[in-house]
Amino acid sequence: MKQSRLEDCSLISLDTFNHNRRGNLTVCENGSNVPFDVKRVYYLYDVPGGESRGGHSHKELHEMIVAVSGSFTVTLDDGSEKRSYLLNRSNKGLHIVPGIWRELDDFSSGAVCLVLASDKYVEADYIRLYEDFLLSKNQSRSTD
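Our numbering puts the first residue of the sequence shown at 13, with every later residue one more than the last.
It is worth saying that the hints were derived from the structure and are not from the lab.
Remember, it's a predicted structure, so these values are computed and weren't measured experimentally.
We put the beta carbon where it would ideally sit given N, CA and C, even for glycine.
Hints may be right or wrong, so weigh each one.
[Stated by the list, open to error] DEER-style ranges, computed between Cβ atoms:
1. Leu146 to Phe29: 16 to 26 Å
2. Asp131 to Ser25: 16 to 26 Å
3. Asp144 to Arg101: 25 to 35 Å
Please model the complete structure; the sequences and the hints are all you need to start from.
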């Protein structure tokens, strides 16, 4: 697994066009404001109060997470340190690189979480147990 650090993840401003009375338009484009080619899009919604999502890491997959409605917190963990982001603006995306553990919680009522992914769903790409994630990070450090 890639030896990623929290500094490899970033908040990205998405191109937004204000049409005054007609509302706003925000654009996500491969190679422009999305730093990978999008091959899968999904969204989370109707998350009950107090519930969490995520709780995994990816070996190869890049993701960009956007709060298209409402708000939620994304906590990232590289095995050494953690950082939390409150996502509550539909014109900001959080780019998460492979090798970073993520947890999503504190969903507001009506929150919609849009996820842009660099590949189709591949179960073998997931690390679902935190202990396995830490083990993989320690193995990567010892081979560097």
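Task: Pairwise beta carbon distance, Asp131 to Ser25, judged against the given window 16 to 26 Å - done: 24 Å, holds
Open item on the list: Verify the CB-CB distance for Leu146 and Phe29 against the hinted window 16 to 26 Å.
Closed with: 43 Å, violated
Open item on the list: Assuming the hint says 25 to 35 Å, is it satisfied by the Cβ distance from Asp144 to Arg101 or not?
Closed with: Check passed, 33 Å falls within 25 to 35 Å.
Hint 1 from the earlier list is the only one contradicted by this structure; the remaining hints agree with it.
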